[in-house]
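Undergrad: Below are the chains, spelled out letter by letter.
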Amino acid sequence: MIYLDNSATTRAFSSVAQVVSDSMQEQYYNISSPYSKALETEKALISATKIIALSLNADPKEIIFTSGGTESDNTAILSAPAGSEVIVSAVEHHAILSCARPLEKKGCKMIICPVTPLGTVDPAALKNLVNENTYLVSIMHVNNETGAINPIAELVRAVKEKNPKTLFHSDGVQAFMHVCTDVKKLGVDMYSVSAHKVHGPKGVGALFIKNKTPFTPFIYGGGQQNDLRSGTVNVPGICGFAKAIEEISSSNSFAQKLAKIKSAYTEKLLAIPDSKLICPNSAPNILSIAFLGVKASSLQNALEQEVIIGKGSACTSRSSKVSHVLEAMSLPLNVAEATVRISFGAFNTLEEVNDACESIEQKIAYLRKYKRK
Amino acid sequence: MSYRNMIIVKVGEIHLKGLNRPFFERTLINNMKQALKCFEDIRISISQSRIFVYNIMPENLEEALNILSKIFGIHALSPAREFEKTIEACIENAVDMLKQAGITSGTFKVKARRADKHFPIESPEIAATVGGGILEAFPDMKVDLHNPDRIIEVEIRDKAYVYFETVPAVGGMPIGTNGRAALLLSGGIDSPVAGYMIAKRGVQLDGIHFYSYPHTSERAKEKVFELAQELCAYVTRLSVFIVPFTHIQEQIYDKCPDQFMTILTRRFMMKISERIARLRSCGALVTGESIGQVASQTMESLLTTDNAVNLPVFRPVIGMDKLEIMEIARKIGTYETSILPYEDCCTVFTPRHPATKPKLDEVIKAEALLDEEALIREAMEMVERIDIDANGVIHTQKLVDMAIWKDYIKE
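Protein chains in written order, with the numbering used here: chain A, 1 to 373; chain B, 1 to 411.
Because the hints were derived from the structure by calculation, they are not lab data.
We put the beta carbon where it would ideally sit given N, CA and C, even for glycine.
Fair warning: there could be bad hints in the mix.
Ranges of calculated distance between the beta carbons of each label pair, as one might list FRET restraints [as the list claims (entries may be wrong)]:
#	chain 1	residue 1	chain 2	residue 2	range
1	A	Arg-368	B	Met-382	22 to 28 Å
2	B	Glu-222	A	Ser-33	56 to 62 Å
3	B	His-395	A	Pro-151	53 to 59 Å
4	A	Glu-327	B	Glu-165	31 to 37 Å
5	B	Ala-76	A	Pro-332	56 to 62 Å
6	B	Arg-237	A	Ala-259	54 to 60 Å
7	B	His-395	A	Leu-333	55 to 61 Å
Quick partial rundown of chain A residues pointing at chain B, CB under 10 Å, derived from the structure [what the hints assert, rightly or not]:
#	residue
8	Lys-276
9	Leu-299
10	Ala-302
11	Leu-303
12	Asp-355
13	Ser-359
14	Gln-362
Some chain B residues well away from chain A (every beta-carbon gap over 10 Å; in silico) [what the hints assert, rightly or not]:
#	residue
15	Ser-69
16	Asp-116
17	Tyr-253
18	Pro-351
If we strip away everything but chain A, and leave its shape as in the complex, we get (with noise of 0.2 Å):
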């Protein structure tokens, strides 16, 4: 079985599962604790989060722990203060777009910006909707179903120009260890990153919160993470999640790897009559394509003993509506219903993509003889 769905979770890498493990079992003290057992488990934090911090060309002081992706994007999505406006793009993980409800019963707005056909946001675009009162921008670094790169840097500079107190944040979680993720690069205030979507654990992300970027909490307690977010630390996860990046920080050719594997399958997939690429130009681990004529549903059964993939994001895949990114895309109902997600990690080889290929060729020749009538 050949497992083309790292956008939805990925294998952890044996070593985090070590490290997670060791954690639990030898360095498990609270680092709140006075004895020096628990200043042991202290440094060992510290570590891990110097190495996730480094990844993101960040201060370790500007890196939160969180529960996952969807925590860091809420915490960052509502510390809007009342009254403020937010906007999101239209194609944004739901972990961003359910704080519609959230941010409107504290009588903020959350302003939809459209996107192009390719599935990005264009930087004129989103400008004018920023007004004086826009507190906040989010705007995904990597769509999640698509694979489509924002010009992060470029919109955060159109949307800074327009009002320079609106801060910016990104959802970086498919992004991040697969395109560039330097923080200040990109010019953004807040990051989110997760640890299961880069071979770690999962139950553990992090965002970044740029030097000085006014704040506040999501998760009240016992004032842990210098009361920015309370709750025991899970330094076990976030050894892990150091880990994970030690990993493939240390192959240092990891994006361009996946590249390799996700230009070996396009050309491959693009041979089949009838197929349609969705994004061109995308993240090196998300391929979105339409085989015309089979729906997506009915491809990823048919497969699934020798090949999975995704369709849709795996949070609202079980859902036979369309995808709200394919629908802001303004795609075509029959190429909607038609595009899979096949997504890569570092399990995935290239000696694999003939059979894949193959097997994925067959169903949709299958499929393809049951058009409806």
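Given chain A's structure and the hints, the job is docking chain B onto it.
TA: For chain B alone, kept in the frame of chain A given last:
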């Protein structure tokens, strides 16, 4: 004061039964025992068309009432006290029960029933005496014989009983008293409701689900198990037969006229269901069809599907609007699962222009284009039986591995 807490169970139609009554009562008590087996040491006894449930711990009372209220054959339930039959004990217990429940004001009426005619005080006098005792204990309570806030019931049988709370139950007949039927369970809103309605008449159900993988997903099948599990609140246990249906659908698609695709699919479903039904000694098929809801449910289509089988086909929601069916689905707790968006039938096999008034002879002619027997045989060999109870799947077995399969082969 000595008393026992217990539940008085009032049966519905059963007491209209004549000489068969013990059979109905026995079946009901067995069903109750099955449903209550999560509680330890439950004791159930019967006397003069009343069933008594003992040894329910106070903390389990609410759950026990909830479980019992869904057992077909039970009309109503009352948490009660049982004690020695003296008029003093009646007063004492009635007063104490009200006190425990925090009821010290409002209007009331006492209703007495003297089933034991040897008891020296007659019903009206029992009511008056107990009422007097209550008035004495609670000066803020008043008697209102026409429109009381609550009715305090006193029953004199082998022992005496007092209660003032009555929980309505589903009614119907005990499951197992009216045979067995096979329910075509699609995963939609209608079929669980149809199953509920037939089970309510005392019929034990088997479920049959047709599965079109990979055109529909594994999750669609899981959804059917979930619906079956929800139905188990009423039927305790349900076997669902999963019939792989992809090949038959593909053959119909390839070989038969488009406009008959749906009706031929339905006929195959009915024929396979009938075979499973006969294996299981079912006396009927049950479907969630309602006149005119879709092309396969027009009167002409129903005639065509009925013609495919010899067993009677029960369609309890035939005259209901979708909204009425949805209301029952909500009441019985299957609605939320039914609307989960996993496709249970694939639009590929739904023609854009299905025949709404199919002619039987034309349909039969179209059907003759297929090797019906071979297709049914192939599907039957892959049927799986999944046994489900209120906690989920308990057992899975292939139909070919079951003893009844040998009889099927012989036939």
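Undergrad: All the hints need checking, so say for each whether the structure fits it.
TA: Status of the hints after comparison with the structure:
For Arg-368/A paired with Met-382/B, a C-beta distance near 25 Å keeps the hint of 22 to 28 Å intact. For the pair Glu-222/B and Ser-33/A, the supplied restraint of 56 to 62 Å is violated, since their beta-carbon distance comes to about 45 Å. Checking the proposed 53 to 59 Å range against His-395/B and Pro-151/A shows it holds: the Cβ atoms sit about 57 Å from each other. In this structure the supplied range 31 to 37 Å is violated for Glu-327/A paired with Glu-165/B, their Cβ-Cβ distance being about 53 Å.
Against the hinted window of 56 to 62 Å, the Cβ-Cβ separation of Ala-76/B and Pro-332/A comes to about 58 Å, which satisfies the hint. Separated by about 55 Å at the C-beta atoms, Arg-237/B and Ala-259/A satisfy the suggested range of 54 to 60 Å. A C-beta distance of roughly 43 Å is found between His-395/B and Leu-333/A, which places it outside the suggested range of 55 to 61 Å. The restraint placing Lys-276/A at the interface with chain B is violated, with a minimum CB-CB distance near 20 Å, outside the 10 Å limit.
This hint holds: Leu-299/A has a C-beta 8 Å from the nearest C-beta of chain B, less than the 10 Å allowed. Evaluation of the Ala-302/A hint against chain B yields a held restraint, the C-beta minimum of about 4 Å falling below 10 Å. Checking Leu-303/A against chain B: minimum C-beta separation of about 8 Å stays under 10 Å; hint holds. Hint on Asp-355/A is violated. Least Cβ distance to chain B is approximately 19 Å, over the 10 Å limit.
Because the closest C-beta pair between Ser-359/A and chain B is about 12 Å apart, greater than 10 Å, the hint is violated. Contact between Gln-362/A and chain B, as hinted, is not supported at the beta carbon level, the nearest pair being about 12 Å apart and thus beyond 10 Å. Its beta-carbon lying about 33 Å from the closest one in chain A, Ser-69/B satisfies the requirement of being farther than 10 Å from that chain. Every CB of chain A lies more than 10 Å from the CB of Asp-116/B, the least distance being 61 Å, so the non-interface label holds.
With a minimum CB-CB distance of about 6 Å to chain A, Tyr-253/B fails to clear the 10 Å threshold, and the non-interface call is violated. With a cut of 10 Å on Cβ distances, Pro-351/B falls inside the contact zone with chain A, its closest approach being about 5 Å.
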